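As numbered in this note's numbering, the sequence shown has no gaps in its residue numbers, which increase by one up to the final residue, 190.
Don't read these hints as lab results, they were simulated from the structure.
These figures come from a predicted structure and were not determined experimentally.
Treat the hints loosely; a few may be bogus.
What the hints assert, rightly or not - What follows is a list of derived Cβ distance ranges for each label pair: (1) 153 - 9: 39 to 47 Å; (2) 77 - 105: 39 to 47 Å; (3) 25 - 134: 16 to 24 Å.
Glycine is no exception: its CB is placed at the ideal position from the N, C-alpha and C atoms.
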Amino acid sequence: MGPADYALAALQGVVSWLALSRAQNAGLVSTVPAILFKALTFGSLAGLGSLFLMGAIYARIVRRPGDAPLRNAVFHVLAYGGVPAAASLAPWLLTAVIAGETTFAQSPGPEVESFPLLLARMQFIAYVLLLLWSIVLQIMGFSEIQNVAPRKALATWVIGQLIGFLALLVVAVLLNLLLPAGAGP
6 MGPADYALAA LQGVVSWLAL SRAQNAGLVS TVPAILFKAL TFGSLAGLGS
56 LFLMGAIYAR IVRRPGDAPL RNAVFHVLAY GGVPAAASLA PWLLTAVIAG
106 ETTFAQSPGP EVESFPLLLA RMQFIAYVLL LLWSIVLQIM GFSEIQNVAP
156 RKALATWVIG QLIGFLALLV VAVLLNLLLP AGAGP
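Please put together the full structure from these sequences, using the hints given.
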């Protein structure tokens, strides 16, 4: 694993944070600079954490008994498979400059003009298409390092995503139990 793998993971985290901000209607309650600051700080850390979590999961799944460890290859597939998703940062930023907070609003108010709204919708469609391309690249990468058919690599990818989701769900439940909402002064 080299610096490029870490940089790509951080960029993927920033883009994922921007998509999460849009899903949470952050544009209705925050400014673009505040959203971008959170994406750069927390998103990049989340991207790196996600690379290590998913890398550890997939390294276990793709390894066959007697084979050499594939940890670096798995990290490389995850990082470089996410290049299209990371590349969607440019449209996110361009749309944020032109459309402002509308970029991060899932359901903007009726006062929003049609052009910024159309631009934000087109940008989000482009993000989803680039995200799907990233998934295809990761599946192809797993097919290559496992030397299996793409459908088996797809099964590997889905199983890894489910394990990752369950791991994060357990962490969320534990945090909720340990730090309940409203337990403050």
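Quick rundown of the hints versus the structure:
1. 153 - 9: 39 to 47 Å: Hint violated: Cβ distance 26 Å, outside 39 to 47 Å.
2. 77 - 105: 39 to 47 Å: holds, 42 Å
3. 25 - 134: 16 to 24 Å: Taking Cβ atoms as reference, residue 25 and residue 134 lie about 18 Å apart, which means the hint holds.
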